[in-house]
Structure formats: C-alpha cells, structure tokens
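My numbering runs 858 ahead of the 1-based position in the sequence shown.
Errors might be hidden in some of the hints.
[Said to hold, decoys possible] No farther apart than 27 Å at their CA atoms in a straight line, the calculated lysine-lysine pairs in the BS3-like style are these:
| id | residue 1 | residue 2 |
| --- | --- | --- |
| 1 | K944 | K1026 |
| 2 | K1022 | K907 |
| 3 | K944 | K1071 |
| 4 | K944 | K981 |
Note that these hints are calculated values from the structure, not bench results.
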Amino acid sequence: MALSSVMFSSPVATPSNNLSPFPLSSKSRNLSRNVKWRSNVSFFQSLIKKDTSVIKQELLEAIEPLDRGAEASPEDQQIVDEITRKLEAVNPTKAPLESDLLNGKWELLYTTSVSILQTTRPKILRSKVNYQAINADILRAQNMESWPFFNQVTADLTPVNAKKVAVKFDYFKIGGLIPVKAPERAVGSLEITYLDEDLRVSRGDKGNLFILKMVDPSYRVPASG
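Based on the provided sequences and hints, a complete structural model is requested.
Encoded structure:
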C-alpha cells in the first residue's frame, strides 16, 4: 500500500496550522505567565540594585574630600544633596525602624550640621571621628565624639512613623565619664531616608543631612544614663 494512501486514510484528523497538536491547559498557561512575571521582576530588581550601587559610589566619591562636610562649599553641599536625593529615591528599606539593619554603631561620613562639625573651633580642638548608635528595639540612641574630648549624649526615641523618630536627649557625658542631665529643651527629630547593610542617610528637624556608614552592628546603646 502506498505511503500516501496510508497518510490520507488515517482516522486521526490533521491539525489546523493555527492550532497546537498539544493545547496548553489553563494551569500550564498560568505557570508560564508566573515564570515570565518572576523573570521580569528579577530583571528589574537587578537593575535597581545596580543603579543603587552606582549612586552610592557617586555619593561616597563626592563626600570623600570634604572632611565630613567641614570643607564643603555651598556648591558642594548642593551637589551632595542632589546625589543623596537620587539615593533616597531607591531606598530598599521602606520601614527602617522595623529593620535590624538600623541597630548598631554608625560612623559619620558627612553632615551639614555646623554644631557637630564644630567649624568655629580650631581644627585641633574638633572631634576627629563622630559616631551615632541606635537600638530601635529599646528606642535608644547615643552620639559619641572621639579625641580630644570624648563627649557623649544619650537619648530616648519615640516613633512618629515607620521611618521618623522624635528625639529626647537625657544625659550628656563630659569626657565620656561625667554625666550631666540634659535640659528639657534638648529635643529634636530624625528621619531615616535611606538604609542598607552598610550605609544610612538621615535628615534632622533643622534641615541637616547626615550620611553614616555601619562600623559595628553588635554595639548596644546603654539602657539609661
């Protein structure tokens, strides 16, 4: 029997050109969509992560020669602020007060706060390094100066929302040893606008910008005093 007659006499109908011989089930189509969706999400997440790394590097390079902000001109401050706002726009931690990434000891890399930079003092009498520690679990914070004075101040924190706290300073320590009760007017607020494993950006109630790097995630703020 000729092959052609076998083909044409087959009891199975030949499928149309626009139909699959093995039509996808509803479950298979949904699985395909889910895989495609996850692939797209993963792709965009990798783009955001790469973009964040580039902005972070740009920011660190901009502040590196500015002596924590003491040598920053108004133009420098504007440039740093613009880069910082780009970084804040891709903040990966939307609720920093609920994140363990916040807890620990941070070193100040840059600020616009004149009182912290102490630019009215001779350079030899300015703190060489400034630290800020936060423990969100007990709502405590601590600011620390290094040589030559080693002054400290501790504070209670009251959450305003998921990224902002009211700050009430309770004790200053002169030379890190002599406690002095803070006056009632020693209050402020702090908003954490960017947070990841090694970098934090905060903005204070007086409009000051703070950029810090993590140096000791295990550090604990004293519970009181």
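Right, here's what the structure says about each hint:
Of the supplied pair hints, the one linking K944 and K1026 is violated, its CA atoms being roughly 30 Å apart against a limit of 27 Å. At roughly 24 Å between alpha-carbon atoms, K1022 and K907 fall within 27 Å of each other, so this suggested pair holds. Between the alpha carbons of K944 and K1071 the distance comes to roughly 18 Å, so the proposed pair stays at or under 27 Å and holds. As the CA atoms of K944 and K981 are separated by approximately 32 Å, the hinted pair breaks the 27 Å bound.
The structure fails to meet hints 1, 4 from the earlier list, while all remaining hints are met.
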